[in-house]
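> As you go down the protein sequences, you meet chains H and E in turn.
Going by our numbering, the first residue of the first sequence is number 1, and it counts up by one from there.
Going by our numbering, the first residue of the second sequence is number 472, and it counts up by one from there.
These aren't lab readings, by the way, just hints derived from the structure by calculation.
Hints may be right or wrong, so weigh each one.
[Unchecked claim] In silico EDC-like pairs for lysine to aspartate or glutamate, Cα to Cα no more than 20 Å straight-line: (1) K351(H) / D234(H); (2) K592(E) / D527(E); (3) K592(E) / E374(H); (4) K592(E) / D537(E); (5) K416(H) / E382(H); (6) K416(H) / D463(H); (7) K592(E) / D398(H); (8) K351(H) / D537(E); (9) K814(E) / E619(E); (10) K416(H) / D132(H); (11) K351(H) / D398(H); (12) K351(H) / D527(E); (13) K416(H) / D527(E); (14) K416(H) / E464(H); (15) K592(E) / D234(H); (16) K416(H) / D387(H); (17) K770(E) / D753(E).
Nothing here was measured: the structure is a model prediction, and the numbers come from that model.
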Amino acid sequence: MLNLALLLPLAATPLQAWRPVESAERLAAEFEPRLEALEQPGQVLRPSSGGLERQQWQEPVVEVPCTDPRGMGEVHELLTEPGGLVFIAAEHGLYVSHALAEATDRIEFIGAQLEPFERLPVHSLAADIDRDGRRRLFAICGDALLVIDPSFYWGAAWTADELPGEGVPRAVRIRDGVLGLLTSEGTYQLALGVHERPAAPRVVLETDSFKYGVPVDVALMSPNGWDALRHRLDMHHVWLESAEVLEGAALRLEPPRPGSHALDLVAVDDLLVRSEPTRLEFAVAYPSSLPKGLGLVLMLGVPLACFGVLVLIARRYLAGPKRALPRLLLGTAAIAVVGLQVLAGLFPQAKGWPFVGFSMYTGVWREGDLVFRESLGGIAPEGWSFDMRPFAPGGAIDNPRQVLNPLIEDGEPAAKAWARAAMAERPQLRLGGLQARARRTRLLSSGPVEIAPLILSHAAWGDELVGEDSK
Amino acid sequence: MSFSERFDHLFFGEGSLVRLAVFRIVVLLAALYAVWVFRIGVFQHATAGEAAALVDRHWSPIFVFDVARIGPPSLTTVRVVFGVLLGAIAAGLLGLFTRVACATTAVLATWWIAVHYSFGKPHHDCIALTFALWALPFGPIGARLSLENLVRRGGRPTAAPFAKFPIRIAQLSAVLGYFFAGASKLAIGGIEWLNGYSLQAAMLHFHAPWTAFFTSDPRLCQLMSIQIVFVQATFLLAFVPRLRWFYVPMAVFFHLMSWMTMDTGPYLTLWFVVLAAFVPWDRVPGFLGAGGAAWSTFKRVAALALASWFLWIFLMQAPAGSEFFLLGLGMVLFARGIWERRKASPVPAATS
Chain H
1 MLNLALLLPL
11 AATPLQAWRP
21 VESAERLAAE
31 FEPRLEALEQ
41 PGQVLRPSSG
51 GLERQQWQEP
61 VVEVPCTDPR
71 GMGEVHELLT
81 EPGGLVFIAA
91 EHGLYVSHAL
101 AEATDRIEFI
111 GAQLEPFERL
121 PVHSLAADID
131 RDGRRRLFAI
141 CGDALLVIDP
151 SFYWGAAWTA
161 DELPGEGVPR
171 AVRIRDGVLG
181 LLTSEGTYQL
191 ALGVHERPAA
201 PRVVLETDSF
211 KYGVPVDVAL
221 MSPNGWDALR
231 HRLDMHHVWL
241 ESAEVLEGAA
251 LRLEPPRPGS
261 HALDLVAVDD
271 LLVRSEPTRL
281 EFAVAYPSSL
291 PKGLGLVLML
301 GVPLACFGVL
311 VLIARRYLAG
321 PKRALPRLLL
331 GTAAIAVVGL
341 QVLAGLFPQA
351 KGWPFVGFSM
361 YTGVWREGDL
371 VFRESLGGIA
381 PEGWSFDMRP
391 FAPGGAIDNP
401 RQVLNPLIED
411 GEPAAKAWAR
421 AAMAERPQLR
431 LGGLQARARR
441 TRLLSSGPVE
451 IAPLILSHAA
461 WGDELVGEDS
471 K
Chain E
472 MSFSERFDHL
482 FFGEGSLVRL
492 AVFRIVVLLA
502 ALYAVWVFRI
512 GVFQHATAGE
522 AAALVDRHWS
532 PIFVFDVARI
542 GPPSLTTVRV
552 VFGVLLGAIA
562 AGLLGLFTRV
572 ACATTAVLAT
582 WWIAVHYSFG
592 KPHHDCIALT
602 FALWALPFGP
612 IGARLSLENL
622 VRRGGRPTAA
632 PFAKFPIRIA
642 QLSAVLGYFF
652 AGASKLAIGG
662 IEWLNGYSLQ
672 AAMLHFHAPW
682 TAFFTSDPRL
692 CQLMSIQIVF
702 VQATFLLAFV
712 PRLRWFYVPM
722 AVFFHLMSWM
732 TMDTGPYLTL
742 WFVVLAAFVP
752 WDRVPGFLGA
762 GGAAWSTFKR
772 VAALALASWF
782 LWIFLMQAPA
792 GSEFFLLGLG
802 MVLFARGIWE
812 RRKASPVPAA
822 TS
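Same shape as in the complex, but just chain H (with noise of 0.2 Å):
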């Protein structure tokens, strides 16, 4: 067990945080390389000749195929995170394994931090889930410490000149909240919840309202200055790195579709511990924007009362010899909406339903890419994890986000609200746990191959909740 008593309760700086562990010789063991990882229960994973082999209870033995055409070269370290994903630190990179998947996959690093350490040896690996209930993973690749988000694969990178001592770092776990790292010249530790939470940025807008098509500036205040801001637009699941749209302190943004928007700001530490997310909303203007009761009457006043007059007139006129005046009216009528719908399709959107083009599915893939499939997943008390279906228990969706944001953004009391609402339509069913998570497809010349999805989110409640008829 690593020894927490040396530990200094703060630490301005990470580097100050790190202190050595005296005796470490009794601490070697736990550094000793994992090869054998449970994919689920009675499914263990393990190097083989080839690459990896699975097993299942006493099932033969199959290899895993890797979808990385150089392969993962000689494997390092198997370790199997809370989320259920089993991460492979490999000589070609950091790789990815999964219960549902059919082989396994390497990582593409996201953002301007991690990037650079794709591809470079990964040799250790540990996993927790920090105070806020979020997922983490800490690789040791190449000369560096990773911290890395597995939900989305973007993270922090602990350069050799950032981490203790002069060695060069070895092996790397985590015991009690304390991240032990082994290196070439010494063990050293490091409490992970020694870091303050970063204190919110706070944001200002530079302008009354945005303008379409014209960039405007945001400025941004940190009280305590950050490691990383991230932003999203529109309760986007995916946090963006904001570095991309910084100009000094202002955020330049392309303004989005007109409407309603939230932009949300987050500060993001070394750790990734994050802030409490700042919201800004403001509204894009249309084009020319028209005051509430012309809009109602131009929208909706104007088209209604032709329609009226129209089948007035179709009612006095169609059995009459009297035909000319309905028919120029409903001919220039059926040419305007004929007309409208050309060139809706020449310029497709969607907002202007019924008037809507047909831009869906135009979308080009390629060999190798990745296609992306949102899924619910239960997780039984024993640990197995499944697909749910449907996604909103007595209810309607039109989108599986609107039953996954929720589950990402609220954790564990909007899985357990969502778990309870689905036991009443089905009585039979155990949790233990919910995942919003997106499976993941490879697309191969020799057909698709599923590999590990992204686990979104993860709530495991540790108690069991269950239907009525499995009580």
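For this one, chain H is given, so just place chain E on it according to the hints.
Then chain E, alone, in the frame of chain H:
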């Protein structure tokens, strides 16, 4: 023939009243289906009850609602509209106050669908249906297969001006939809869209019963891509009567395949309108009866099987009791047809 005369003939010339009546019934059935299926979402969002609390209820209105500042409806509004809509659709199907019923259905069904889309995202399944509904009141839609004709003792008129108008509007909307769906794939995705992987990816986003089989090989997907884009981009040819034998079945086949390989659902709000608009219903009895006895029997059995299958798909998600309503409607129409036939048949000359 000048352009205006040609236009006049195409849209306002005499058309079959029986065809228009069948068009009215099928379009209203599609509207009933849409209103019924979307009711779950519309009511859920209006009640803001327990089920609604579990999902993001983000009001992202369509352009018209946004500019007119129309917000999400209250539960009372939804209840009233739903009741009036069902009543109007039923009256339209039976042919009672047909024009008013269809006009009411057009306005309220459009609002209903738009509310549903404003809580999610707009889809393409109800576009042709919406335009067909709005065009219906401008034709002589109650002249045949309607109770109002029965009450008026309107007889059996065969054709009337303006009978083509609603059908033409529906045809144009459907054809434009398919054409732009195909053309957009080529214009935006380019010829590379046909590489097989693009269609494979589109199907793999979902988990339908046949997805695994049809996505197993990119070459199979490539063949399907070429076929889909060809049919969609050339769908304008469906206006050529002989080519409808190819395009209309292909459209139905396409949607049924999408249902089995993607998550589109039956999508019958579109292909019911395609069938309603492109099949010359007034000529169907003659077509089925033509040829030898065996051939004619075969065609009738095949048509009955096909119609039963389509109705079964409709009934899978239609309101409870629809089957009895349809059965009753069919019996009324059948009885009326027999009565009219007997009435119209010449009295045999007395033999001396």
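> Evaluate each hint against the coordinates.
Consistency of the hints with the structure:
About 16 Å separates the Cα atoms of K351(H) and D234(H), which keeps this hinted pair within 20 Å; it holds. Taken as a hint, the K592(E) and D527(E) pair is honoured in the structure, with Cα atoms around 13 Å apart against an allowance of 20 Å. A hinted pair counts as satisfied when its Cα atoms are at most 20 Å apart, and K592(E) with E374(H) qualifies at roughly 17 Å. A C-alpha spacing of about 14 Å is found between K592(E) and D537(E), which places the hinted pair at or below 20 Å, so the restraint holds.
Of the supplied pair hints, the one linking K416(H) and E382(H) holds, its CA atoms being roughly 17 Å apart against a limit of 20 Å. As the CA atoms of K416(H) and D463(H) are separated by approximately 11 Å, the hinted pair is consistent with the 20 Å bound. For the suggested pair K592(E) and D398(H), the alpha carbons sit about 7 Å apart, so the restraint of at most 20 Å is met. Pair hint K351(H) plus D537(E) holds up; C-alpha atoms about 9 Å apart against a cutoff of 20 Å.
With a CA separation close to 19 Å, the supplied pair K814(E) and E619(E) stays within the 20 Å bound. This hinted pair checks out: K416(H) and D132(H) have alpha carbons roughly 17 Å apart, not beyond 20 Å. Restraint check: the Cα-Cα separation between K351(H) and D398(H) comes to about 15 Å, which is no more than 20 Å; the hinted pair holds. Proposed proximity of K351(H) and D527(E) is supported: the alpha carbons are some 19 Å apart, at most 20 Å.
Taking the CA atoms of K416(H) and D527(E), the gap is about 16 Å. The hint holds against a cut of 20 Å. Distance restraint check for K416(H) and E464(H): the Cα-Cα separation of roughly 10 Å lies within the 20 Å cut-off, and the hinted pair is therefore satisfied. Our distance criterion of 20 Å between C-alpha atoms is met by K592(E) and D234(H), whose separation comes to about 14 Å. For the proposed pair K416(H) and D387(H), the alpha carbon gap of about 17 Å is at most 20 Å, so the pair holds.
A threshold of 20 Å between alpha carbons decides the hint, and for K770(E) with D753(E) the separation of about 16 Å falls inside it, so the pair holds.
The structure fails none of the hints (numbered hints given earlier).
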